[in-house]
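Protein chains in written order, with this note's numbering: chain A, 1 to 215; chain B, 1001 to 1180.
These are calculated hints, taken from the structure and not from any lab test. Every value quoted in this text rests on a predicted model; they were computed, and no experiment measured them. Glycine residues also receive a C-beta, built at the ideal position from the N, C-alpha and C atoms. Among the clues, some could well be false.
Restricting the straight-line Cα-Cα distance to at most 16 Å, the calculated cross-link-like pairs of lysine to aspartate or glutamate (EDC-like) are [what the hints assert, rightly or not]:
# : chain 1 : residue 1 : chain 2 : residue 2
1 : B       : 1042      : A       : 36
2 : B       : 1165      : A       : 36
3 : B       : 1093      : A       : 55
4 : B       : 1135      : B       : 1101
5 : B       : 1165      : A       : 67
Chain B stretches covered by chain A per the calculated footprint, using a threshold of three residues with CB under 8 Å from any CB of chain A [stated by the list, open to error]:
# : segment
6 : 1021-1031
7 : 1047-1058
8 : 1120-1134
9 : 1162-1176
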Amino acid sequence: MTIRHHLSDSLLMAYSAGQLPEAFSLVVATHVSLCDDCRARLLSFDAIGGALIEDAGQARMAEDSFEATMARITGLPQAQPVRAPRIPGSVFPAPLRDYVGGDLSTVKWRSVGMGVRQAILKTDQGATARLLHIPAGQAVPDHGHRGMELTLVLQGAFRDTEDRFGPGDVEIATEELEHTPVAEQGADCICLAATDAPLRFNRLIPRIAQPFLRI
Amino acid sequence: MTSETEQDWAALLLRVRDDADKGAFALLFRHFAPRIKAFLRKSGANEPLAEECAQEVMATIWHKAHMFDPKRASVATWVFTIARNRRIDALRKSRRPEPEELPWGPEPEPDQADAMVLQQESRRLGEALAQLPEKQRSLIERAYFGDLSHSEIAAETGLPLGTIKSRIRLALERLRHQMS
């Protein structure tokens, strides 16, 4: 997998600092699972956190703090369940599988018209995460954004006015970008998308459909 | 902090992992618990919540000692990730999906040099942070202590992240090589 479109430094830093809405965190965690370069960049942002905690000053601990901690240790179960490693041939990396409850075949799709299907994933309220299934050669309705939209390709590829996005690539779309992503011929395109505000469609019919799409 | 002491933190953590060494844990506790608590206080936790969470973070450090890998993070960095996750849980009541785990793990001798270089780079990062102009440093602190929303965070840190990143990248490449 050759990844050409990566996460921005500010997204990686916000994820490292723990400031991203859950839906964006899911896109970041999924991309990092596929991209060693972004993983290395993320770990270097974690190192800033380490330097800050080393330097954060010291708060006075309670008198019995150490004993209380040792009591917590004996009270906790010893083994931490480790998440199953990547299953060869699976389309979804582990963080996405956690949200779907399985791989691609277990997604409960809903049609949103023009052959496009989606599945909303359950996250907290700051932003929305959804899986999109776009048939090969099909366009997603022209839309703009009020906030930020992250789109991570998991299978197939799409093109828009910006570039081509293939497996592992992530597109970071801001308010300015009005685009019509078109899935390439060949394989159907599967994407994970996160938005922090409802999308704004530029044609009448999709706009009417918006409340039903929940996008 | 000198590189010797950072090496010592890693060595103490390995003693916790291998021997359930309470003495080693007590030394880690004395150094890190007050810092974790200060981090949580600065992130908006009140006194009792910060105390409780700091204890929980220290307990997690004990239980997850087997997952610490000195090639990918200093002890302080690893402690930060645990404290941050606890803060997201306790203060934001939110979840933070984690990337797929790679089969990292403490390995025999040859990799010790990698670990040492990474610890040195972490120390240099700390020194560079201390030398930043106050305004820039304060922006970074506010980002990590949770005062800035994600759209307000700008990643122009002025910190030399390139070297630490390429160190980690190198370790990743070796790991991928071993896996293939």
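Claimed coverage, the segment 1047-1058 of chain B by chain A - three or more beta carbons nearer than 8 Å: holds (count 6)
8 Å C-beta criterion, at least three residues: is the segment 1120-1134 of chain B covered by chain A: Holds: 6 residues of the segment 1120-1134 of chain B have a Cβ under 8 Å from chain A.
Given hint residue 55(A) paired with residue 1093(B) - CA-CA distance at most 16 Å: Violated, at about 26 Å.
Proposed proximity, residue 36(A) with residue 1042(B) (alpha carbon, max 16 Å): Since the Cα atoms of residue 1042(B) and residue 36(A) sit roughly 32 Å apart, the hinted pair is violated (cutoff 16 Å).
Given pair status - residue 1101(B), residue 1135(B), alpha carbons within 16 Å: With a Cα-Cα distance of about 36 Å, the restraint between residue 1135(B) and residue 1101(B) is violated, given a limit of 16 Å.
16 Å Cα cutoff - pair residue 1165(B), residue 36(A): holds (11 Å)
Coverage criterion applied to the segment 1021-1031 of chain B (partner chain A; beta-carbon cut 8 Å; 3 residues): Since three or more residues must qualify, the claim that chain A covers the segment 1021-1031 of chain B holds, with 3 doing so at under 8 Å.
Coverage of the segment 1162-1176 of chain B by chain A (three or more Cβ within 8 Å): It holds: at least three residues are needed, and the segment 1162-1176 of chain B offers 8 whose Cβ sits within less than 8 Å of chain A.
Pair hint residue 1165(B) and residue 67(A), alpha-carbon separation not exceeding 16 Å: Distance of about 38 Å is beyond 16 Å: violated.
Against the hints set out earlier in the document, violations occur for numbers 1, 3, 4 and 5.
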